[in-house]
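Engineer: Assemble the whole structure, with the sequences as input and the hints as a guide.
So the protein lines, in turn, are chains A and B.
For the first sequence, the working numbering assigns the number 52 to the initial residue and increments by one for each residue that follows.
For the second sequence, the working numbering assigns the number 242 to the initial residue and increments by one for each residue that follows.
The hints are simulated quantities; they were obtained by calculation from the structure and are not laboratory data.
Glycine included, every Cβ here is placed at the ideal spot set by N, Cα and C.
You may find that some hints are simply not true.
[Claimed, not checked] Ranges of calculated distance between the beta carbons of each label pair, as one might list FRET restraints:
| hint | chain 1 | residue 1 | chain 2 | residue 2 | range |
| --- | --- | --- | --- | --- | --- |
| 1 | B | Gly691 | A | Ala370 | 20 to 30 Å |
| 2 | A | Thr271 | B | Ser347 | 52 to 62 Å |
| 3 | A | Ala317 | B | Thr615 | 21 to 31 Å |
| 4 | B | Pro486 | A | Ala370 | 20 to 30 Å |
| 5 | A | Gln316 | B | Ala584 | 49 to 59 Å |
Take a look at the letters that make up each chain.
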Amino acid sequence: MDIGLNEEQELLKKAARGFLEKECPEEHVRAMEADDKGYSPQLWRKIAELGWHGLMIAPQFGGSGLSFYDLCIVVEEAGRALLPGPFLPNQVVVGLLLDAGLRAHQERYLPAIASGSQIHTYAFAESTGRWTADDVALEAQRTDAGIVLNGSKLFVPDAHVADVIWVLARSGSGFVAAAVPRTAQGVRVTPLKTITGEKLAELVLENVNIARGEVIEIPTLEAFSNRAMVLECAYLVGLVEKDFEITVEYAKQRVAFGRPIGAFQAIQHKAADMVTDLDGMRFITYRAAAALSDGDRSANLKVAMAKAWCSEASRRVVAHGQQIHGAIGFTEEYAIQLYFRRQKHGELFWGDGDCHRERVAQMLSI
Amino acid sequence: MQGPDLQHLTTSRQRLGFGLPNPRTICPQAMGSLLLKFDYMDDRIVSFDTSNAGSGAQMTARDQLNQFRSEVANFVESELPDSLRNASTIRSAFEEDVSADRNEPSLKDARARWREALRAKGWLAPAWPVKYGGGGLSPAHQFVLIDEFIKRDAPRFFDMGLGMIGPTIISHGKEEQKQRMLPPILSGEHEWCELFSEPAAGSDLAGLRCRAVKDGDEYVVNGQKIWTTLANRANWGLLMARTNPEAPRHLGISMLRVNMRAPGVTVRRIQNLTNHEFNEVFFEDVRVPANDVIGEEGRGFYYLMSLLDTERSAVSQVASIERTLESLFRLARSTELPPLTKAARMELANRAIEVEVLRGLSQGVAELQYAGKTPAHQASVLKLYHTELAQRIAATGMKMIETHGLLFRGEKQAPLDGMIAQQYLYASTLTLQVGTSEIQRNIIATRGLGLPRG
Chain A
52 MDIGLNEEQE LLKKAARGFL EKECPEEHVR AMEADDKGYS PQLWRKIAEL GWHGLMIAPQ
112 FGGSGLSFYD LCIVVEEAGR ALLPGPFLPN QVVVGLLLDA GLRAHQERYL PAIASGSQIH
172 TYAFAESTGR WTADDVALEA QRTDAGIVLN GSKLFVPDAH VADVIWVLAR SGSGFVAAAV
232 PRTAQGVRVT PLKTITGEKL AELVLENVNI ARGEVIEIPT LEAFSNRAMV LECAYLVGLV
292 EKDFEITVEY AKQRVAFGRP IGAFQAIQHK AADMVTDLDG MRFITYRAAA ALSDGDRSAN
352 LKVAMAKAWC SEASRRVVAH GQQIHGAIGF TEEYAIQLYF RRQKHGELFW GDGDCHRERV
412 AQMLSI
Chain B
242 MQGPDLQHLT TSRQRLGFGL PNPRTICPQA MGSLLLKFDY MDDRIVSFDT SNAGSGAQMT
302 ARDQLNQFRS EVANFVESEL PDSLRNASTI RSAFEEDVSA DRNEPSLKDA RARWREALRA
362 KGWLAPAWPV KYGGGGLSPA HQFVLIDEFI KRDAPRFFDM GLGMIGPTII SHGKEEQKQR
422 MLPPILSGEH EWCELFSEPA AGSDLAGLRC RAVKDGDEYV VNGQKIWTTL ANRANWGLLM
482 ARTNPEAPRH LGISMLRVNM RAPGVTVRRI QNLTNHEFNE VFFEDVRVPA NDVIGEEGRG
542 FYYLMSLLDT ERSAVSQVAS IERTLESLFR LARSTELPPL TKAARMELAN RAIEVEVLRG
602 LSQGVAELQY AGKTPAHQAS VLKLYHTELA QRIAATGMKM IETHGLLFRG EKQAPLDGMI
662 AQQYLYASTL TLQVGTSEIQ RNIIATRGLG LPRG
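Structural biologist: The following block contains the structure:
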C-alpha cells in the first residue's frame with residue numbers, strides 16, 4: 052500500500068529495487084550464507100558507488116545528506132532482496148556518528164564509511180541476549196588516556212569482517228560507545244553458527260585500551276537503539292512483502308482438486324490476513340521512521356510499537372507462507388525457506404514482541 | 242545553513258538513482274520531501290517532513306494545515322453553543338449510535354444551531370465539493386477538522402445522508418438529482434436509510450429479490466428489506482431493487498430513492514442485544530417516480546460497490562476508536578479498579594499498538610483518496626482490521642473490569658457507566674455490517690491480490 056512517498060523517494064525505491072534484483076539475486080544470497088565473510092567486497096564497493104553507505108552522511112564528508120526516513124526506503128528494498136552482510140550495522144554506526152559523534156569522529160570515519168573503504172559495526176547485547184539499556188552491563192573503566200574494556204559481548208553483527216566495532220558500555224550514570232579496531236590487542240572475535248545465515252559473533256575484550264579521542268559519550272541509549280530497531284523493521288517489511296508475493300504467486304499456480312489452490316477461501320483468507328499484516332507493518336514502520344527523522348518526542352513510543360508489531364506480524368506472514376507452500380517450503384532448494392529463516396533474525400534482533408509490548412505499557416503508564 | 246554544495250549534491254543524487262535533478266524540486270537541503278504524516282496522537286498535527294520548512298516564500302503545506310487548524314479552533318470557540326460544550330461525556334467515547342442524545346430536548350435547539358453553523362461553513366459535509374454545499378477539504382484537512390472537534394468536544398454530525406448517500410449521488414447521480422437531493426440532506430430535512438440486505442440476500446447481495454417494475458413514468462416496488470438501521474426515523478431510503486430479471490444478476494439491479502412515508506411502506510422494529518435502531522421494511526406496490534432512479538438503470542450494483550468502499554474507508558472511525566482506547570487507559574490508571582493482571586496489561590498494550598497500525602492504514606486510504614484513486618481492496622483491509630480491532634478492544638475492556646463486565650448500563654457499580662459491556666455486545670455486529678469479515682477477505686484476495694474466484 053502507498054505510504055505517500057514523494058517523487059524522489061519513489062525514484063530512490065525504484066533504483067534500489069532494480070539494482071538489487073540484478074546484483075543480489077537468490078544465488079548471491081545462498082552463496083553468501085555459505086561464504087565465510089558473508090558479504091561480497093565487490094558488491095560492497097558497488098553499493099558505495101551508488102551512494103547508499105553515505106546516504107545520511109553530509110556532502111562535505113562524501114555523502115548525500117538524505118534523511119533516516121530515506122534510508123529506510125533503501126533498507127526495505129534490501130530486505131526484499133535479503134541483502135546479506137553488514138549494511139545495517141554499518142548504518143547504525145553512521146547514525147551514532149551523526150547523532151552523537153564529535154566533529155573529529157565524523158571527519159575520521161564518515162568519509163571512509165561513505166566510500167566503502169571501512170566497515171563498521173556495533174556490539175550491544177551481552178549474555179542476557181536482550182536489548183534494553185539494563186542489559187548493557189559491560190563497564191568502561193576510565194584511565195588517564197581513555198578507557199579500558201574487559202568483558203564480552205554477544206550477537207555482534209558481522210564483527211569478523213568489521214574494521215571497527217563500536218562497543219557500547221556503561222560509564223558512570225551514562226554510556227560510552229568506544230571505537231575498537233577488530234585487530235586491536237586483546238580483541239577476540241568468534242563467529243557463531245546461526246539458523247538464519249546471519250553472521251553473528253561473540254566478542255571478548257581483554258584489557259583493551261581505547262584512547263579518549265576514540266570514545267563517544269552518550270547519556271542514554273535511546274536514540275541509538277531506536278534507529279537500530281526501525282532498520283530491523285524496515286528490512287522485515289521488504290522481506291515479508293517478497294515472501295507474501297512469492298506465496299500468492301504459488302497459490303495461483305499450484306493446482307489441487309482440479310483448480311488453483313488460490314481459488315479456495317481457506318487460502319484466500321490467509322492471503323488477505325497476510326496483506327493486512329504487511330500493510331500494517333509498512334505504515335507503523337514509516338510512522339516510526341518519520342518520528343525519528345523529525346526528532347518527534349513520540350519517537351520512543353512509536354518505535355516500540357513498530358518493533359512489537361513487525362516482530363509478530365512478520366512471523367504470522369511467513370508462517371502462512373510456509374503453510375500455503377506445503378512440503379516444498381521445507382526443502383532447501385525452494386526460495387521461500389530463505390525468507391522464513393531470515394524473518395526470525397528480524398523478529399528477535401533488537402527485541403521481540405513481548406519485549407516491546409512491555410516497553411509500550413510502561414510508556415503509556417498502564 | 243551553510244552554502245550548499247550543489248554540484249556535489251547533484252552527483253550524489255544521480256548516483257542514488259534520481260537521474261537529472263528537476264530544477265523545481267531540487268532544494269539545497271536535499272529531498273525537501275513533502276511527506277504526509279497524519280498524526281493524531283502526539284502533536285495532533287498533520288506534519289510534513291519539510292527540511293526547508295519556512296525557507297520559501299510560498300506557504301508550506303504544514304503552514305497551511307496549521308492555519309486551517311487555527312481556523313477550526315476559532316470557529317468552534319465562537320460558534321459552538323455553550324450547552325453543547327459539556328454535553329460530551331465518557332459515554333460518547335463508546336457511542337455506537339450518534340443519534341443517542343437526539344431526544345434530549347434541552348440539547349435539541351443547540352444541536353440544530355450548531356448544525357446550521359457547520360452547514361453554512363461547508364463543514365457539515367467536509368468531503369463534498371464546495372459547489373454542492375460541502376467543504377471540498379482534502380483528507381489531511383478532514384483529519385485536522387475531526388481532530389480539533391474531538392479535542393474541543395464539539396459534536397459532529399455523521400448520518401447516512403452526509404456520509405454515504407450524498408457522496409454516492411455526487412459520484413453517480415444526474416446533475417438534476419444532485420440539485421434536488423443534496424440540499425435537504427445538508428439541511429437535515431431529509432434523513433436517509435440504506436435498504437440493501439434482504440432475508441435471503443445478505444453477503445450475497447446480488448441475489449436480492451426486491452422488484453421494481455416500470456409502469457409508465459413510475460416504478461412499482463414490491464419486496465422486503467432487513468437489518469435497516471434507522472429506517473424507523475428516516476423519511477427517505479436508498480433502495481437496491483431488481484429492475485431487469487432477465488439480465489445477469491449484477492446487471493439487473495438499480496438504485497432508487499424511495500419515500501419511506503409513501504403508501505405501501507411498512508417499517509417494523511427488530512429487538513436486539515443493545516438498543517440499536519434496527520428494522521425490517523416491507524414494500525407493497527410502492528410507487529417511485531422514474532426520475533428517482535439514481536444515475537442509470539441497471540448500474541445500481543456498481544454504485545453500491547463504490548458506496549461500500551466509501552463506507553468502509555470512513556476515516557472518522559479511527560477517531561472514535563482512539564477515544565475508546567483513551568478511556569481504557571484512564572481506567573487502567575485510575576484507582577477504580579484493582580491493579581490489572583499482567584495479562585490484561587499486555588493485552589491493553591497490544592490494543593494500543595494495533596490502534597497505531599489502524600492510524601497508518603487509515604492514512605494510506607486517505608492518501609489514495611487524496612491522489613484521486615479509489616481505495617478498493619485497501620478499503621476492505623481497513624474495514625476488516627478496524628472492526629476486528631474494535632471487537633478486541635471491547636473484549637480487552639471486559640477483561641480489565643473482570644466480573645463487573647456483567648453489569649448492564651445504568652448499574653451504579655458498573656465502571657464507565659456500563660459502556661464497556663454495551664460496546665462488547667454491539668461490537669459483535671461490526672464484523673457483519675457493511676460486508677462481513679469473510680466477505681472483506683474475499684474482496685481483498687480476489688480484487689486486491691488477483692486470486693481466482695472460488
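Engineer: Look at each hint and say if it fits the structure.
Structural biologist: A quick look at each hint next to the structure:
In this structure the supplied range 20 to 30 Å holds for Gly691 of chain B paired with Ala370 of chain A, their Cβ-Cβ distance being about 23 Å. Roughly 53 Å separates the CB atoms of Thr271 of chain A and Ser347 of chain B, a value that falls within the hinted 52 to 62 Å. Between Ala317 of chain A and Thr615 of chain B, the C-beta spacing of about 29 Å keeps the proposed range 21 to 31 Å intact. Between Pro486 of chain B and Ala370 of chain A, the C-beta spacing of about 47 Å breaks the proposed range 20 to 30 Å.
The supplied range of 49 to 59 Å is broken by Gln316 of chain A and Ala584 of chain B, whose beta-carbon atoms lie about 32 Å from each other.
Hint violations for this structure: numbers 4, 5, all remaining hints satisfied.
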